[in-house]
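Novice: One line per chain: the protein sequences are A, B and C, in this order.
According to full-length UniProt numbering, the first sequence is numbered sequentially starting from 1.
According to full-length UniProt numbering, the second sequence is numbered sequentially starting from 1.
According to full-length UniProt numbering, the third sequence is numbered sequentially starting from 1.
For the record, the hints were derived by calculation from the structure and aren't laboratory data.
Hints may contain errors.
Listed below are the simulated SDA-like cross-link pairs for lysine to any residue, each with C-alpha atoms no more than 20 Å apart in a straight line [claimed, not checked]: (1) C/65 / B/342; (2) A/429 / B/441; (3) A/282 / B/293; (4) A/210 / B/252; (5) A/210 / B/131; (6) B/29 / C/71; (7) B/131 / A/282; (8) A/20 / A/42; (9) B/29 / C/65; (10) B/162 / A/95.
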Amino acid sequence: MISSTLIAEFASFLPENKIKVNDSADHPLGNGGKVTVYPSSLDEIVNVVKYANDHDRKVTVVGSGTKRGFGGLDKPADILLSLENYSGIIEHTVGNMTLTVKAGTVFNQLQHYLKDHKQKVSLDAAWPDHATIGGIIAANDSSAKRLGYGSARDVVIGLKTVYPDGSIIRSGGKVVKNVAGYDMNKLFVGSMGTLGVIAEITMKLRPLPKDETLVLLTVENDDLETIRSFVVSLLDTQLEPTSLELLAPSLSEKLTQIPKYTLAMSFEDVESSVAYQEDFLKKLKPAQTTMNVLKQENMEHFWNRFYTIGPNGAVSNTGDETVASIKVSVKNLDVLEVIKESNRLRDSHNLDVEAHGGLGHGICQIHVKGAKSDVVSAIHHLRGVAEKYGGHAVIKHLPYKLRQEINVWGENPPYFYLLDGIKKQIDPKRTLNNTRFVGGI
Amino acid sequence: MVKKLKTNDKHINKLARLLTGPNAILYHKEDLLAYDCDGFTIHKHLPRAVVFPKNTEEVAKIVQYCAKHQLPFLARGAGTGLSGGATPLNNEVIISLVRMKKLISLDVENRRAVVEPGYINLKLTNSISDKGYYYAPDPSSQYACTIGGNVAENAGGAHCLKYGVTTNHILGLEVVLPNGEIIHLGNDGIPDTPGYDLIGLITGSEGTLGIVTKITVRILKNPEEKQTVLAYFDDVEDGSRAVSDIISTGIVPAAMEMMDKTAIEAVEAAAFPVGHPKDIEAVLLIEVDGISAGIEEQITDILNVCTSRNVREVKVAESEQERARWWANRKTGFGAMGAISPDYLVQDGVIPRSRLPEVLSRINQISEESGLRIANIFHAGDGNLHPLVLFDANKPGDTEKALEAGSACLKVCADVGGTITGEHGVGIEKIEEMRFVFSDSEINAQTEVREVFNPDNLLNAGKLFPSPGRCGEVKKAMKAVIS
Amino acid sequence: MSLKEMIKDPTCTTKSLTNYKWKEHPDEEKWADCVHCGLCLEACPTYEITGQEQHSPRGRVHLIKSVAEGKLEVNERFMDPVFTCLDCRACETACPADVQVGGLIEEARGQIRQAMPLSGWKGMVSKVFLEGLFPYHNRLNKLGSLLGIYQKSGMQKAVRKTGLMKVMPQHLVDMEAVMPKVNPPARKKYKNQEVIKAKNESKQEVAFLTGCIMDVMFSDINESTINVLTRNGSDVTIPKNQTCCGALHVHAGNRETGRKLAKQNIEAFKDADTVVVNSAGCGCMLQDYPELFREEPEWQEKAEQFSKKVQDISKYLYDTGYETPSTPLNKRITYHDACHLAHGQNVREEPRDLLINIPGVEMVHMPNADRCCGSAGIYNITNPEMAGAVLESKMENVPEDVEMISMGNPGCMLQMAMGVEKYGRNQKIVHTVQVLDWAYKQDDEQKERGVPDG
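Here chain A stands alone, though its shape is the one from the complex (with noise of 0.2 Å):
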């Protein structure tokens, strides 16, 4: 049994108690392991990924799994490792406004905590009660405030990253600008954790702002065109909404109860300015539109329930049916083109679809649930509109086996031989996260 074996090996850096065994590797969404490792130090996880290295194991990396749907090809990994106890914060200097975490902190606990210091990290992402701040960035995950707040590689000033060979690399540091030598953090951002395990991240903070505000403009006859020409001339104003969100009439049913298009748009600033953009954006109210506006409570909820539509897939799917979310990516204002062509699926496809897509940063997710055929077949369709619009589409939840049939990252760029090369050069015996990402790197 390689399980005993592995235990046995590690007993030398890795107390029994962070080491289970698991029963069956197999999952569902795939990406598992035959021992999960819970390491709670640097030093642990230096030692678990070394020892794996130098013993050709394969690792497969994982906070609390919300995204364990996404990518990945390979059968089960020896490996799993688990940074849920690699969690907590390292350094806050207040008057800084950075914050250098463990990887394995929750992204809420960690906005909490920020609270009290009326700071915040101005990053959005999916399961912020589940997900860590290691697998958001590592995904380059991203919701509807990047219009204001920006992505993960924004927001990132240094990493501390665990190479394959055990050697730990610090990118960046701990001040806001920095260009000595090459923006390693960007290479790490979004890389699927197939160059080095994310260990600790240092992130610049803004101010909490002192009022935020939610305003949902619905248009009464689903006519895109409205809603077109509004954000057309709302973006040629100098109102600084922080999200500018299109809601497809399913999504908008469940969020606010009511099935047409919707524009969800945010501000944040102090309360003259908020309520200066909120009666702008009165005056500026196209014919048969509704406007509603949402505060606190009522605001907090939408959030709430906004960034946790799609699939977690921390949680067992126990339906039969199937579940994918597909990321397309397009110029701001094909969105609207792409929200309407994943609505369309509802009837075209018979699938339950939830879709929205920022009109300010171009990008668009889409959840779908359905008989597994018509899954595919959205997929298909989905990614041919991406393309049509110059943009592409990634399937960041499916279930393994049809990964394998569907290539979750699309066709592989012409210089590929650059990623290849730089997954080569820095984990040359593919031991972390092999085949998680574009064309099997």
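Given the coordinates of chain A, work out where chains B and C should sit on it, guided by the hints.
Specialist: Structure of chains B and C alone, referenced to chain A:
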């Protein structure tokens, strides 16, 4: 029929045939001399030739030729870099991108523009301002520097406190790789292309991974209102505490700039004097922008903070002209050193904001020990410090002393948890100081990435990284044994 | 190699003997201030056209310094960048360290001219115009009257019909086409008047430099200048011994003649308290006279005193006050900053102020108004290709919908007229003081007709 050039260098004639523009190659010593350094003048070296391609294909042809014949080469924009990134250490063929200076397209609805690398930073803002838009990164050299150069150096600027640096505004790149292949990253500026973030990696790689030939940038809507505050402090420490206090109140100013007494002396003696009091220890320039309705509240907060930190005098700019004057005074600060010193060496450390008073007093010590004056100009909001070491290169030993003092300043920055460069890049200037912040294996991790793109190290060799430490060599040797 | 090793490397140490072998060595003080920051690049029209740094201010300063360090010889290749400079001084405005690039260029040209005397076409131009013509106002006058006859007699038309134009170099053909109508020069007209009295009460007396080209080609502007001055309470004198300012000579590297002319002018204007100039190029040169006498301290002192008295007409009017016209002059006007006004004398707002204050005038903004037009003295004759490229870039910035382009320099007026002609535009090229004079004339006409003011 191409006229044969008067030179014995056969490569020059062959390179000339790859170019179609008028006078597209320079190869006489008299012409090359202007290219022997950039804004970092301590080290100079003549290039082999300077070529002026007019499009991506010509760049690719030149690169292919150089790769084939193993000729070192590098790209250059306006040559305003401050760390020697464009200095031809190895007698390179310089590929000047200044003739590729078009604004290729502007897409206001999707808030992006596509420019060629030789396009001047400020020109972008000027050419879209009538529509109410601007390009946020604003290095002090923005009157002259190219956006291609900005990408290479990941240029910052006074306003990056709120809006971020170049890398936060680059959506797509067309790159000629060191083998001459043309690749497109971030097609149409569409975000999150599957794969490692090569745009992020190439931005700030100081021209060692590829030559950027087209750039898609994000453009922003002009803020509804801008207000600029000027505050004079009798004590630098008060000034720096005010900086932290302002941010702690929850304001993210668009910019927060500080100059110390020596710097004030220089800018007042130079082209754009403002009339700062001579006996003042620190001047703080703070700009807030955003929705008009919210500005007043922020200004009130800022004035209150300044008062509580014993400000001598504080005022809000009353007109656009006044604001522009204050900024011109600040932005020409480096060049202004020419007015009080024959030479200067500018450093570019970054520190955690809260350590400012301590760092400044240590820099003072360095100044005293070296006997050289050090002026300080800094982006106080993000902790980016520019100590300017004043010296006279004609005085024997002064240059060495200045270099030592500059390096000592960087050591201080690194020691308090900061870094050695915030926006000027490592170039040739700060190669040794890389060791203040990176271990051998960390430096090795970076050169490994370079090898993927630039395996023969023909492109801008000798920059950024100190020669491999033992660790790197051992690792390489081991790899050789394995394979 | 570490940086420290690099600077110890002997290949990097560059000190050796200077290659400037003639007197008036370019002034080391002037380049010492240059820190190589490059902020001047974009200000430079020749860099804009070529994209090459040897044709940029920073590059030129670097080359001039390199000759002093013995790294370069004074030769043809060094000459090219130094003589391609337009001497527009836009770099001086851009420079944060106030490096006097213009002065350095002129000094370097002096060295080059002594090392390599001119020959060929350029030598001929220099000999005929600079040495044989401009210093002698009687010769200029003769040329002027010849031009007048040429135009009035119908000969101009005749010549244009003959093939003569076809054999002239293109830039001269272009220039001939826009030659202004020549009237008798002011110096001739007022020859017998010691003082041209102010129209009403005299408030002050000014001496007027009539200029050489100005007085021959644009004598109506001199006429306007005198009208405007006398209308605003100035008694005007035209000192008899005044001569060409010498700017063209100094730009061409002929500093010896420049000095000779300077001395003559300093003497000629000895008794004046204020010297009013309506040609930006001349005004700038007069203010720069001290530069010519670095090796003659006695004259330098005199030149210093003299240069303080020199003022552009627009600044003089702005500073001393002038009557605002009352009759609307309904024109859309854009303003071009002559380099030697804006960059050379820092006079920018004053002429605009004169124009804006004329009722009915609508000022239209010209982008990059202080960009050189390519005239640059006789640059458009000696470097026609570059001058043409610079002009093209200038014309792109001239707004379409204006009736007049106003400016304060005769060289610019000729060049801009050429631009208007060449690019099929229809703007009238005017001197700022002319516009004011016309506005006054309208007032007078209104008065004659008995229409009350206002």
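Novice: For every hint, state whether the structure bears it out.
Specialist: Status of each hint after checking the structure:
1. C/65 / B/342: 14 Å, holds
2. A/429 / B/441: The hint holds at about 18 Å.
3. A/282 / B/293: The given pair, whose Cα atoms are some 16 Å apart, holds under the 20 Å limit.
4. A/210 / B/252: 12 Å, holds
5. A/210 / B/131: Not satisfied, since the Cα-Cα distance of roughly 31 Å exceeds 20 Å.
6. B/29 / C/71: Given pair residue 29 of chain B, residue 71 of chain C holds - Cα atoms ~10 Å apart, limit 20 Å.
7. B/131 / A/282: With a Cα-Cα distance of about 24 Å, the restraint between residue 131 of chain B and residue 282 of chain A is violated, given a limit of 20 Å.
8. A/20 / A/42: Satisfied, since the Cα-Cα distance of roughly 19 Å is no more than 20 Å.
9. B/29 / C/65: Answer holds: residue 29 of chain B to residue 65 of chain C is near 14 Å, not above 20 Å.
10. B/162 / A/95: 16 Å, holds
Comparing the model with each earlier hint shows violations of hints 5 and 7; every other hint is respected.
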